[in-house]
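Visitor: Chains as they are written, first to last, in the numbering used here: chain L, 1 to 281; chain Y, 282 to 541.
Honestly, the hints are just simulated from the structure, not real lab data.
Worth double-checking, as some hints may not be accurate.
Stretches of chain Y that chain L covers, calculated by requiring three or more beta carbons in the stretch to come under 8 Å of a beta carbon on chain L [to be verified]: (1) 301-314; (2) 323-336; (3) 351-365; (4) 370-378; (5) 381-390; (6) 496-508; (7) 517-530.
Sample of chain Y residues facing chain L (criterion: CB under 10 Å; computed from the structure) [said to hold, decoys possible]: (8) S317; (9) G398; (10) W405; (11) F488.
For clarity, every value in this text was computed on a predicted model and none was experimentally measured.
Where is the CB? At the ideal position from N, CA and C, for every residue including glycine.
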Amino acid sequence: MSVAGDNSRALPWALVTPALAWTLLFFVLPFIAMGLSSLTAHEGGAFTLANYSQFFTDPSYWRAMVNSLEVTAIVTAVSILLAYPFAWILAEMVPERWQRLALMLAVLPFWTSYVVRSYSWLLVLAQNGVINRALTDIGLIGEPLQLANTRFATVTGFVHFFVMLLTLTIFANLKQLSPSYRKAAADLGAGPVRIFLHVVLPLTLPGIMVGAFLTFVLCIGDYITPQILGGNNELVMPQLVMMQIGRRGDFPLASALSIILMAVVTVAYLACARWLKIERA
Amino acid sequence: MRAIVRFAAWIYAIAIYGFIFLPVVVLVLFSLQATSFPIPPFTGPSLRWYQAVLSDARLTSALVNSLLVAVLSSLASVTLGFLSAWGFARFVLPGSALLRGLITLPLTVSYLIIGMGLLVLFNWAGVPKSLLAAGIGHVVINLPLCFAIIYSQMGDHQINIERAARDLGAAEWKVLMMITVPVMAPAIFAGFFLSMTFSWDEFVISFLLTRFETTLPVEIWNLLRSGLNPKTNAVGSLVFAVSIVLVVFFELTLLRRKPA
Chain L
1 MSVAGDNSRA LPWALVTPAL AWTLLFFVLP FIAMGLSSLT AHEGGAFTLA NYSQFFTDPS
61 YWRAMVNSLE VTAIVTAVSI LLAYPFAWIL AEMVPERWQR LALMLAVLPF WTSYVVRSYS
121 WLLVLAQNGV INRALTDIGL IGEPLQLANT RFATVTGFVH FFVMLLTLTI FANLKQLSPS
181 YRKAAADLGA GPVRIFLHVV LPLTLPGIMV GAFLTFVLCI GDYITPQILG GNNELVMPQL
241 VMMQIGRRGD FPLASALSII LMAVVTVAYL ACARWLKIER A
Chain Y
282 MRAIVRFAAW IYAIAIYGFI FLPVVVLVLF SLQATSFPIP PFTGPSLRWY QAVLSDARLT
342 SALVNSLLVA VLSSLASVTL GFLSAWGFAR FVLPGSALLR GLITLPLTVS YLIIGMGLLV
402 LFNWAGVPKS LLAAGIGHVV INLPLCFAII YSQMGDHQIN IERAARDLGA AEWKVLMMIT
462 VPVMAPAIFA GFFLSMTFSW DEFVISFLLT RFETTLPVEI WNLLRSGLNP KTNAVGSLVF
522 AVSIVLVVFF ELTLLRRKPA
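Just chain Y, with the same shape it has in the complex (with noise of 0.2 Å):
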């Protein structure tokens, strides 16, 4: 009886794994598709579509511009979150509390409404379709992410440290550089990245917000048009590569780190 639970226990994980994973096998398969359709049977191996996505500078500037608006976005999020995590934490402001969850309020609202809030915004303001657009975008929905990550980070132990820095007579922005930042750099880093992958698979505000240039998804969302192509394949694949390296660089730089 024993054995047989134990049995079907191993036979469900499997076809769990095996729904989890199926579309991405099928993704990267037939991303090495020798013919024109990425359907049965399968024609490859053949790299002819990477080399196909590698010379379409549509999707190569997409790409660059991703890269782009993910690091500058996420670099002025992880700012902004910082600075404000640092001031909550280190400081007794009036309406503390308050002011902390207007800061993350957007984590409760959806990509779509954000966008729409600020397509309409941007529309009265006269302000044009543009990849800032989409960037301010994504420093909305990033912003609040770093600030509760690094503000949940934010201990008494550090602070100990910082007034040691103080009565040896660093000034505030010195206390700052060299001890607050390196002190905090796993849980900075940890908002950072996050943002990126969050920027970087964004779509419905970048979708709404740019117009001529825009980011990857986006790109990539105008070639499902074409219906089932292995270019798509073979974009998604490299798209999901990118992430890959990502986050086990994410697992390996930061998570490791933890038990300190």
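Only chain L is shown next, with the shape it has when bound in the complex (with noise of 0.2 Å):
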């Protein structure tokens, strides 16, 4: 009611047409585009679904998705396993005044640019590397171990950014929680071990769930991990993606692919938000 005057229809939608625009002209058509795209046998060829029957024929494209969702699915488990205790150690066994150096000093690798990242897992996993000089010089192995250009390199990449992220937000969450829940179950005669798994486990797993859809998203989309630490060995979606452009400068089927590869993320974000809602409840 302050607002009334002339220009008080116009001006709301001068403030937000500017954005709307941006999205409408730079995501939404895009993606019209790509979808359009997709339905071609080349650039400006007629409509056909041969790039959609191709992925779901070719077994190596299969063999893509599986192994995206496979290593996805490793990721997410292992980076969950490692995150969580090193969480509940910051949020509870850290004196409090150090808790937030701690935890900027445990993130603060996130910070190194992405590609850099992944290098720097090279220099560490590579034939001549620091862990295999490290591992012969004790006189562990006599032979270099093979750990660059594989499966384990890309988890390995993948699981250092995660547990950072994990970290954050599994600590958020213990740091909610109400201490009297513990002391209420601690009263009423529970030990450590059982407040743990049937007080803090249940209360914390939302935040879990929610960094767990996160670190699914992050992770399946990436290219510059999977394309630095696994190498070409075992191709992911976002490489399979990437080739078709690169090599070939196939746009149609890049373009079906990457929505196929979205499509399985709303998948997982749909069973996500019903098993979220039901946690809630």
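Combine the two chains into a complex, taking the hints into account.
Guide: See the structure below:
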């Protein structure tokens, strides 16, 4: 009511239109263009479902999707298992005044460039890298291990990133937990293990699910880590997409593969959203 | 028993810290390598690879490009995000929830797919690959972020200050510039700095949408073709240093004000 005046109708639209127009023009429209492109055999060709049927019939394409899902599942599980106890130690055992610093240190490498972070793991895992060198020097192994250009390397690079991310989310979750729940359980005679399993863990589960979903989405859509650390021995979906653009300039097929990848993420989101809702109820 | 558990917990925490810091320490340490391979044994310290980076015109121009794209795309993101947040927070608009959903939608889509979409569209429209194209992509990913941050911070007490200003006869643009922007400054800065760090580090959109003139992450990617190289370590350490400065600055200037 205080904003009454001649411009009261024009002004709000003038404020929101630029952002909406930007989103429509550079997000929605490209998406439509990609959808249309995916339905052609080559740029400007007739409509066809060939790109999609190629994905479903060619076993090597299937393999990339299976690899993506496997790597993502392993990364999500390992990251949560490593991050949860770590976040717990930071939240429960580190004195209050040092917690902020401890947390900041725990996520410091988060701020290295993404490309550089994967490259750094290559330095660690290479044939003549730090780990192989250390292991041969103490005489644990005679020949250097093949660590780089493997799924193990991809998973390690990913886990490194997501342990930091999940430590943040789980730490925040643990801190929000009121200590009275635990006191109540202790008063009723529960030991520390039972308190954890029956009180703390269930209460932090929604937060874990949010973190797990975030891990899933970021991991399955990432090109850099598998390309640098995994190499070309075993392709994941984003590598397959980039390959179509790079080597063959096949935009329609790349578009179709991107849309399939996005569909998988959407399904995961819907599954997760339902689960989370049940959890909160 | 308790002591053993405590001890095990500390060992575990140290092990995780070790895991988290291992690649960064290796990166920075071997950036100081005196010989040509960033692998043990360590032969430094030497600054020759930092010199090599700073005298490499491709890398330094990529660094300038990256800063340019980051600053300009973040300015655009924060401006569009702020204006739309203000519009949605202060006025009742038909279909508001839906439209706000539309603006934040890009947050749920991976960068690869946003980049692919723009590549296909620009290819059709005949827009050449350029830094501008990459900058447009960066606004697409950062605008929703700025919008969400600023929108979430627009509370009722700020409305009252704006009302007071209007009642005292301030024109709408004056309210905006002299009341809303200063009051919202922390959220605006937060949006700007987050956008800066994301744009600064963004790879795949820049990779798809630029060709000759490119950003630093893409140029670093090109360096990787030559395998393990202390020069890559040096440039990576420099990028890390810049990010840390940004983060510390962010931490000191913004997060400290929060309790007020």
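Visitor: For every hint, state whether the structure bears it out.
Guide: The hints, checked one at a time:
Counting residues of the region 301-314 of chain Y whose beta carbon lies closer than 8 Å to any beta carbon of chain L gives 8, which meets the minimum of three for the stated coverage. Counting residues of the region 323-336 of chain Y whose C-beta lies closer than 8 Å to any C-beta of chain L gives 0; at least three are required, and the coverage claim is violated. Coverage of the region 351-365 of chain Y by chain L holds [criterion: at least 3 residues with CB-CB distance below 8 Å; count 4]. For a cut-off of 8 Å, the count of residues in the region 370-378 of chain Y with a CB near a CB of chain L stands at 3, and the three-residue condition holds.
Taking a C-beta to C-beta cut-off of 8 Å, the region 381-390 of chain Y contributes 6 residues in contact with chain L, enough for the three needed, and the coverage statement holds. Check result for the region 496-508 of chain Y against chain L: holds, 5 residues qualifying (beta carbon to beta carbon below 8 Å, three or more required). Residues of the region 517-530 of chain Y lying with their CB closer than 8 Å to a CB of chain L number 7, which satisfies the three-residue condition for coverage. For S317 (chain Y), the interface hint is violated, since its Cβ never comes within 10 Å of a Cβ in chain L; the closest pair sits about 13 Å apart.
Taking 10 Å as the C-beta contact cut-off toward chain L, the hint placing G398 (chain Y) at the interface holds, the least distance being around 3 Å. This hint holds: W405 (chain Y) has a C-beta 6 Å from the nearest C-beta of chain L, less than the 10 Å allowed. The beta carbon of F488 (chain Y) is positioned within 10 Å of a beta carbon in chain L (closest approach about 8 Å), and the interface hint is therefore held.
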